[in-house]
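Build the full structure now, drawing on both the sequences and the hints.
Chains as they are written, first to last, in numbering that gives the first Met the number 0: chain A, 0 to 553; chain B, 0 to 553.
In case anyone wonders, no lab produced these hints; they're calculated from the structure. Don't take each hint at face value.
Not everything, but these chain A residues come out facing chain B in the computed CB check (under 7 Å) [stated by the list, open to error]:
no., residue
1, Asp172
2, Ala244
3, Ala255
4, Gly258
5, Gly267
6, Thr346
7, Leu348
8, Ala429
9, Ala433
10, Glu436
11, Tyr467
12, Gly470
13, Ala533
14, Leu552
Just so you know, these numbers come straight off a predicted model, no measurement behind them. Heads up, the beta-carbon is just placed ideally off N, CA and C, and yes, glycines get one too.
There are 2 protein chains.
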Amino acid sequence: MIARESLRWNGWGRLGESTQMTRSREAALLAELGRRLGRPLARGAEPVELDAIRLPPPKLAPDVLARLRAACGEDGVRTSAFERVTHAVGRSLPDLFRLRRGEIEAVPEAVVVPAEEGAVAAVLRIAAEANLAVVPFGGGSSVVGGVEPRTAAGQAGALSLDTTRLDRLLRLDPESRTATFQAGIDGPSLEAALAQRGYTLGHFPQSFEHSTLGGWIATRSVGQQSDGYGGIDELLVCARVVTPAGVIRTLDVPRAASGPELNQLLLGSEGVLGVIVEATVRIRPSAARPDERGMLFRCFAGGVAAVREVARAELPVAMMRLSDAAETELSLLLRHDPARRFDPTATALSLAERLGYGAGRCALLYGAESSDARKVSTTMRRARNLLARNGGLPLGRSPGRSWRRERFRTPYLRDWLLDHGVAVDTMETALPWARLEAGHDAVVCALRSAAATHAGSGLAMAHLSHSYLDGACLYFTVLYPVEAGREIEQWRAIKRDTSEAILAAGGTISHHHGIGVDHQPWMAREKGVLGVEALRAVKRAFDPSGVMNPGKLL
Amino acid sequence: MIARESLRWNGWGRLGESTQMTRSREAALLAELGRRLGRPLARGAEPVELDAIRLPPPKLAPDVLARLRAACGEDGVRTSAFERVTHAVGRSLPDLFRLRRGEIEAVPEAVVVPAEEGAVAAVLRIAAEANLAVVPFGGGSSVVGGVEPRTAAGQAGALSLDTTRLDRLLRLDPESRTATFQAGIDGPSLEAALAQRGYTLGHFPQSFEHSTLGGWIATRSVGQQSDGYGGIDELLVCARVVTPAGVIRTLDVPRAASGPELNQLLLGSEGVLGVIVEATVRIRPSAARPDERGMLFRCFAGGVAAVREVARAELPVAMMRLSDAAETELSLLLRHDPARRFDPTATALSLAERLGYGAGRCALLYGAESSDARKVSTTMRRARNLLARNGGLPLGRSPGRSWRRERFRTPYLRDWLLDHGVAVDTMETALPWARLEAGHDAVVCALRSAAATHAGSGLAMAHLSHSYLDGACLYFTVLYPVEAGREIEQWRAIKRDTSEAILAAGGTISHHHGIGVDHQPWMAREKGVLGVEALRAVKRAFDPSGVMNPGKLL
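Rendered as structure tokens:
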């Protein structure tokens, strides 16, 4: 179960964890970033303490509380400031601004933590009768406002329904290689339960350590190795969802043609239809030895073409992540340690420069994993050959090793940069190969222009990840100086300009972050008015009185 | 465009095509089947002629006809007996009974054949105003009653909307490897258009020669090589659908997490939401040389375990089709030619018998195809080794060659057997590996029992096809003697008993045939009442007055 008291209430990840940079590296990085952003960077005002946040007193009537306690147990209904604040927001950039300023727009009246399906159903019933919204909350790592306790017009408040006590492995079917979990189980617990039995799900989103199976399903999540294992939509076999209208369950079969696939209504449903309480997923034998390596390309277009060749060859790689020139340069900057006398990376890079991999170069990280070591080595050899034939310069395993070491650490950097007045935001889309480079250029341009307009300066960059036969995901990062007191307005303006650029390029508003409240304004543009209306009709069927997660998605 | 006048109006496929058996083979086969079914088989009463079928006169008011003609052109509105009869049924066993007896339950008032999207929209508008149902009709090969011109209570009649003039390739994007077609294009035309440019879709359902892209999407079709290329659900990128409420279009991106995937509401929608007019699909370079081979297993369980190993190894095979002992024996019987002096198959089999591959043996056909010949040979070698290590006896390429020669011919046999008083019906499901063998046994048993009860005798058999990580499709065939005059009742009783057995085994009512009217009684059992209600809600959003294909699916 996620031990929320061991997590930072107003930032990413576990208490006591940090970027693990030395003082000298920190100083050098701040100096360099300050130079690029056109202003000196220094530690800003301290974030407020939890105690300092003024919360409205819970509005729940005693009989409602009593009924919730009867359903979830004494410990299953929580109204402390810690619980209400930690369940009030997710982990988007504006969420961090709100937490650090102690200005939270809405907090749940209470956090309910049901330990079984019946209790979930009871909570939905009580909420409907008491005119309360219910907001499903798993790991709380949403970066699109998916867990904000919003209420619909006329509702008296919101309950945050924390799923993390629903965390058991219910069945493992070694013949069919499927496992059935309660959906509130978090990533590490799920993988530990499978590893004990020799299996893995292979789903490692950036939020892996603090997100849940149910959350992955509700947001159509992908993991860092999803090129190999498939996104959560490909891993899901069937699910049980408690909706206000009753339980919906899909069938445990590998495929069906019995009308539209109901799993696909649950995938991406973001809690607006009901609470995912159980899911059966495809598992594979534990990967014996992952292999991840680096490669350099002379330019982004060349790297994209090479990655596309591997995708077209349908090689079973687990990941390909190609940084553009700006991201490649920034990640070298992040790794640079001025105290280190001999830097083998620097030596290798200056060598590479002489081969034409200098300014504009782009780094690719590619990897394979499987229980079959021979399959890994064959795949990696064939991928390397194909990539090298397409202009790649192999960098060996060292970039892969540092990536694996730090794969879940990057978000810690965001808090540290915020401490120093620098905001980091990320956006993502997917595009067909034919429009990928134009889309990359347009969105990076839009980010730079938005940062300059709304923040005075900024750095924008991107990487390609998650390749498909017909296209790939582009993941954008922007760094810009925060204007104290105008954090949310600044963020919103940059978000708006970038989202418009993504849609103008023909991309989706989200490849894997989801919609929540932040992307909701673009839903009708993407899905069409009629498409949104169809999803609303489904919602009315499952949730006639609008209890579930109002204001999100639709 | 499908030239319907070149097709048999009351049977499968093209005029002039046949089973291509010699007289002596026919006689031997009939004698042997008669022996097994416990009665001599002889040519029965001739099916009625088209002219002999009494059709109700079309009920369309002149102004409605005039408006339809204004929308679709003179040639686009057809009321001849040939057009009305050929658009009245699909190609299920009961459809063949109805056609042969000339007793068709419902015929469309007219067949409309729009040549562009605007005309489709106009037809839906005119139908709504004239209180008519619209039944989308592509190739008309539905085996579940998907194209019957049913009407809802109060509707004045039905129009069959033939999509086959919507048959153009609109765009081919070689970079993203996608192609956009009008959805009424038939299989051979689609593959020809792609082959000219060096590509293939790789979607070859049994009905390939007489089915359309739109029909594949509407029924969640799979093809014979879908283990490699993926089902139509994996090949579809985006679509345009004309619904009574307006056009819905999905986005041309490889993946999105912007809420539930709308493509998945269109896939399997069986014409109840609207008319699919356009679709973009993933294409691959033309396969250089397919390679298909045979293998024998000593028993079905052994074959299933071997196939499962290949599926688990995620080898890129294009097909694995494992017949059970009864199907293996019947297919040997079908191939047997008494006039042939030397039969190499017989020699090989008697050799195999000495190795323990005698009674109970099961034949596997497996194959790979790709534009990359080395990939094919590597895949086939690895598959052969894995299968052989799991008890398979390689039979070489000869079974593969005859399969490929006859891959689209099997349905012709059904008509010939019907001529001789033997009905052939097929049913299919998908099951997880852990329940696959029990499901196989239960459903084959149910088929045998149902045939004995309702037809006095029968032969039942199955094959496994379409493997997934967690399970596979089972495809059942039953042969039984037809009782003249009670054809439909007999069929319905056997269908009911078998469908119950499929659901009792935990299988889906359809892996790829769809729901139509024949499987509709089991929809709520499979999807749950709430699941069906959700799909009905979607239908109401797209088709508020119930114009589209009433009585199907939901």
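Taking the hints in turn, this is what the structure says about them:
{"no.": "1", "hint": "Asp172", "verdict": "holds, 5 Å"}
{"no.": "2", "hint": "Ala244", "verdict": "holds, 6 Å"}
{"no.": "3", "hint": "Ala255", "verdict": "holds, 4 Å"}
{"no.": "4", "hint": "Gly258", "verdict": "holds, 5 Å"}
{"no.": "5", "hint": "Gly267", "verdict": "holds, 5 Å"}
{"no.": "6", "hint": "Thr346", "verdict": "violated, 37 Å"}
{"no.": "7", "hint": "Leu348", "verdict": "violated, 31 Å"}
{"no.": "8", "hint": "Ala429", "verdict": "holds, 5 Å"}
{"no.": "9", "hint": "Ala433", "verdict": "holds, 4 Å"}
{"no.": "10", "hint": "Glu436", "verdict": "violated, 10 Å"}
{"no.": "11", "hint": "Tyr467", "verdict": "holds, 4 Å"}
{"no.": "12", "hint": "Gly470", "verdict": "holds, 4 Å"}
{"no.": "13", "hint": "Ala533", "verdict": "holds, 5 Å"}
{"no.": "14", "hint": "Leu552", "verdict": "holds, 5 Å"}
In summary, the structure is inconsistent with hints 6, 7, 10 from the numbered list given earlier, while agreeing with the others.
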